[in-house]
Amino acid sequence: MFNYSVRRLLTAVPTILILIVFAFYLMRLAPGGPFTSEKPLPPAVMENVLKRYGMDEPLHMQLFTYIKNIVCCFDFGPSFSQKDRSVNDIIAQGFPVTLTYGFWSAVFVLVLGIPLGIIAALRHNSFWDYLMTGLAIFSQIFPNFVLAPLMVLLFTLSWGLLPGGGWNGGQWQYIVMPAIALGTSYMAGVARLTRGSLLEVLNSPFIRTARAKGLPERTILIRHALKPALLPTLTYMGPVFVYMITGSVFIDVFFSTGGIGQDFIDGAYSRDYSVLLGLAIIYCVLTFSINLVLDLLYAWIDPKVRDSL
Amino acid sequence: MPEGTKLAEEQVFTYRVLDEFSSFDPQVVEDVNGSEVVRDLFEGLYNQDADGNNVPGVALSHTVSEDNMTYTFTLRDNAKWSDGTPVTAGDFVYAWQRAVDPELASPYAWYMELMSIENASAIIAGEKPVTELGVSAPDDHTLVVKLSQPLPYFDKMVTHATTFPAPKWAIEAHGKEWTRPGNIVSNGAYVLTEHVLKERSVRERNPMYWDNENTVLDKVVTLVIGDDAQALTRWRAGEVEKTEIPAGQYPALKEEFPEEAYALPRLCNYYFTFNLESGPEAFKDARVRKALSYAIDRQVIVDRVLQGGQFPAYTFTPAATAGFEVPAVEYAGMTQAERDAKAKELLAEAGYGPDGEKLSFTYLYNTSEAHKQVAIVATQMWKQKLGVDVELSNQEWKVFLETRGNQNFDMARGAWCGDYNEASTFLDLLTTPSGYNDGKYSNPRVDELMTEAKSSANAQPLYTEVEQILAEDMPVVPVYHYSTNMMLDDSIQGWPVNNVEQNWYSKDLYKVAE
Numbered sequence: 001m002f003n004y005s006v007r008r009l010l011t012a013v014p015t016i017l018i019l020i021v022f023a024f025y026l027m028r029l030a031p032g033g034p035f036t037s038e039k040p041l042p043p044a045v046m047e048n049v050l051k052r053y054g055m056d057e058p059l060h061m062q063l064f065t066y067i068k069n070i071v072c073c074f075d076f077g078p079s080f081s082q083k084d085r086s087v088n089d090i091i092a093q094g095f096p097v098t099l100t101y102g103f104w105s106a107v108f109v110l111v112l113g114i115p116l117g118i119i120a121a122l123r124h125n126s127f128w129d130y131l132m133t134g135l136a137i138f139s140q141i142f143p144n145f146v147l148a149p150l151m152v153l154l155f156t157l158s159w160g161l162l163p164g165g166g167w168n169g170g171q172w173q174y175i176v177m178p179a180i181a182l183g184t185s186y187m188a189g190v191a192r193l194t195r196g197s198l199l200e201v202l203n204s205p206f207i208r209t210a211r212a213k214g215l216p217e218r219t220i221l222i223r224h225a226l227k228p229a230l231l232p233t234l235t236y237m238g239p240v241f242v243y244m245i246t247g248s249v250f251i252d253v254f255f256s257t258g259g260i261g262q263d264f265i266d267g268a269y270s271r272d273y274s275v276l277l278g279l280a281i282i283y284c285v286l287t288f289s290i291n292l293v294l295d296l297l298y299a300w301i302d303p304k305v306r307d308s309l
Numbered sequence: 001m002p003e004g005t006k007l008a009e010e011q012v013f014t015y016r017v018l019d020e021f022s023s024f025d026p027q028v029v030e031d032v033n034g035s036e037v038v039r040d041l042f043e044g045l046y047n048q049d050a051d052g053n054n055v056p057g058v059a060l061s062h063t064v065s066e067d068n069m070t071y072t073f074t075l076r077d078n079a080k081w082s083d084g085t086p087v088t089a090g091d092f093v094y095a096w097q098r099a100v101d102p103e104l105a106s107p108y109a110w111y112m113e114l115m116s117i118e119n120a121s122a123i124i125a126g127e128k129p130v131t132e133l134g135v136s137a138p139d140d141h142t143l144v145v146k147l148s149q150p151l152p153y154f155d156k157m158v159t160h161a162t163t164f165p166a167p168k169w170a171i172e173a174h175g176k177e178w179t180r181p182g183n184i185v186s187n188g189a190y191v192l193t194e195h196v197l198k199e200r201s202v203r204e205r206n207p208m209y210w211d212n213e214n215t216v217l218d219k220v221v222t223l224v225i226g227d228d229a230q231a232l233t234r235w236r237a238g239e240v241e242k243t244e245i246p247a248g249q250y251p252a253l254k255e256e257f258p259e260e261a262y263a264l265p266r267l268c269n270y271y272f273t274f275n276l277e278s279g280p281e282a283f284k285d286a287r288v289r290k291a292l293s294y295a296i297d298r299q300v301i302v303d304r305v306l307q308g309g310q311f312p313a314y315t316f317t318p319a320a321t322a323g324f325e326v327p328a329v330e331y332a333g334m335t336q337a338e339r340d341a342k343a344k345e346l347l348a349e350a351g352y353g354p355d356g357e358k359l360s361f362t363y364l365y366n367t368s369e370a371h372k373q374v375a376i377v378a379t380q381m382w383k384q385k386l387g388v389d390v391e392l393s394n395q396e397w398k399v400f401l402e403t404r405g406n407q408n409f410d411m412a413r414g415a416w417c418g419d420y421n422e423a424s425t426f427l428d429l430l431t432t433p434s435g436y437n438d439g440k441y442s443n444p445r446v447d448e449l450m451t452e453a454k455s456s457a458n459a460q461p462l463y464t465e466v467e468q469i470l471a472e473d474m475p476v477v478p479v480y481h482y483s484t485n486m487m488l489d490d491s492i493q494g495w496p497v498n499n500v501e502q503n504w505y506s507k508d509l510y511k512v513a514e
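In the order they appear, the protein sequences are chains A and B. Every letter in the first sequence is one number past the one before it in this note's numbering, and letter 289, counting from 1, is 289. Every letter in the second sequence is one number past the one before it in this note's numbering, and letter 11, counting from 1, is 11.
No wet-lab data here; the hints were simulated from the structure. Check the hints yourself; a few may be wrong.
[To be verified] Derived DSSO-like pairs (lysine-lysine); straight-line CA-CA distance at most 27 Å:
#1 A:Lys39 with B:Lys80
#2 B:Lys80 with B:Lys168
#3 A:Lys39 with B:Lys176
#4 B:Lys284 with A:Lys39
#5 B:Lys128 with B:Lys454
#6 A:Lys39 with B:Lys454
#7 B:Lys80 with B:Lys176
#8 A:Lys68 with B:Lys168
#9 A:Lys227 with A:Lys304
[Said to hold, decoys possible] Here are the simulated distance ranges between beta carbons:
#10 A:Pro143 with B:Asn394: 24 to 30 Å
#11 B:Arg304 with A:Leu154: 49 to 55 Å
#12 A:Arg52 with B:Ser491: 41 to 47 Å
#13 B:Ser456 with A:Lys39: 54 to 60 Å
#14 A:Gly196 with B:Asn406: 29 to 35 Å
#15 B:Asn394 with A:Lys39: 19 to 25 Å
[Unchecked claim] Some chain A residues flagged as far from chain B (calculated, every beta-carbon gap over 10 Å):
#16 Ser37
#17 Leu41
#18 Asp84
#19 Asp89
#20 Leu226
#21 Val253
#22 Phe254
#23 Ile265
#24 Cys284
For every residue, glycine included, the Cβ atom is placed at its ideal position computed from N, Cα and C.
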């Protein structure tokens, strides 16, 4: 398994390099640049600005310097739009925020979604099952850009229970609504996935054997059925988790959390190449590491996978 | 503050900003919201009062030499930096040299060029060292500025953030990080105490400020809220005390909160620009341009479409501009029916319209709901009144700027906000050498008048003539002049509603008990 992990990490390096090169050139294809503005800069001023950011060099040299700075000093360059800040700064401040509410959102998804799915599967075709399916469909048709304003209307304006946005150092009141708004539709997905796969597992021969041996239903569920039934959920949660902790653009903008999702938007509009590239790299690294963790989890859950590693 | 005002116990003002600030460095900052913060943190030679007039800041007064080329400012001796160091003329010299320094590469270096400070252009171009800049400090309380040409409104320009002093010792000690809370040393009424990117910033009373005694607010907080509607919701919830009004909601909010919804004149215009260089042949005929301009019912656009207290525009320069008298231009005095009739006549004369050649072109604007509405209404007016076919085309902001800047359009949307409160900040745009003249309009007489205005003691007659030429040539169609829309909690008093630049200072605000 150790060898496997090392192998995976080694393949990550060229992938990230390709991503950097690709993203670097792609971004510069978009018309306009970080210093295009309604009041165009006079040529001499523009020249100084470009020089300061090393943008007077040929593109491939800029790319080379960029990669060199990352490799040697873990320096992702200066931001073009937030002029007193470096990309390292921006990510160091924004990422913990997104990570925090993304994490709590994932907890919300799993803690609520899995039990709902289990109940529905165990009480197959009963009132509880229908209620759960109804709930799941309801929350899936409620996208977060409908749910979030609705929650603010109720919890902030009507009842005055929670602040309508902001972060304030990450106090719990500020995390509740972003986490729920972000997670609800995934929670529904998890519940339905869990229900479906648990039903399938409960009908498989090895469970029948367990029942025939006279094991109590509780033991069958917890010891034998649950682990294989959660595999699809796990597969589903991997990319969702990456999405939750990085790309929650809407949540960041709507709740003004100060997370990095906002930087994706701002960076794209203002052509802040270095911020965008930094975020793309973060996204890529996270996808890689979380998928690796997931694969290792699979191996732990499923002996068939373990043997093939 | 009126006598007997009952102040609130907690003097904290919290307001919303749309985006993270570009910088808190006075020589680097380039966005409006960032400049608001910088005006609180730093103090320049002059401040503005509630009406937009200059009042003493670090400078008490100034004298101008006979040739109008040398300004001598006398600085107060009780101004201090937040670390207790006295503010000297040398701090201004350092800051102004910094603003043009190619090394710092401030995007606002052009402002120093605009101020016509001696050698600014050569220094920016790297031809002379920064020490050659026409600014010097013969002693700690005297600042002498030499201009390369007389500029009657020079003193109006020193309320701009780019001209604020900078603490050399703090900048040298902390480098790029000198504007962080803890590192920053500032000479304004407030010091920066907290800054969380894209979330909040906090500035608190600076006890070293020379007029600290008369400052009422203790603390000012900005919250970044990217969504207009959500910002309004949070205003309703009392989480912020000031926010912008989402497009189209002003009338309803004014009815619901008559004391708290504001629409104030603002130094910005909105216009359509004809591409006179490579646009349709028809645009080269002033009669066609005038016909298109006359056929626009500006009152409908302002009252029915925008609904935010904007002003119909018949001149390029907004009426709110200081010292600017709106000249009588012919079409402003007509009724819309008269204008429509005249438009038909002009277009027919030029050989277009129902009996002539079909006129059609593309109108380009940057993607936005509000611009789209204006575009649709305008093209409908053209179609119904003149039978002109206009195709609409929209592009993302930076793509649009590039397209427009390269003259790849027939007609395009334009807007301009004044850099200082004087008509030339608008009218210069339509001179031949202007880098902002995207329609490539060129009239030697306009150029001549604007050059003359630079050194004239009374420029109004010159501006009047320019506006009259523009009304005849119609190189751009003025549509409306902007207003600032905002919700401001009625506990916050002292807002400079009559300052058209909306340069407000937290030190002039106070919070009354509700």
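**Report entry** Unmet hints by their number, sorted upward, for this structure
**Finding:** 1, 8, 11, 13, 14, 16, 17, 18, 19, 21, 22 and 23
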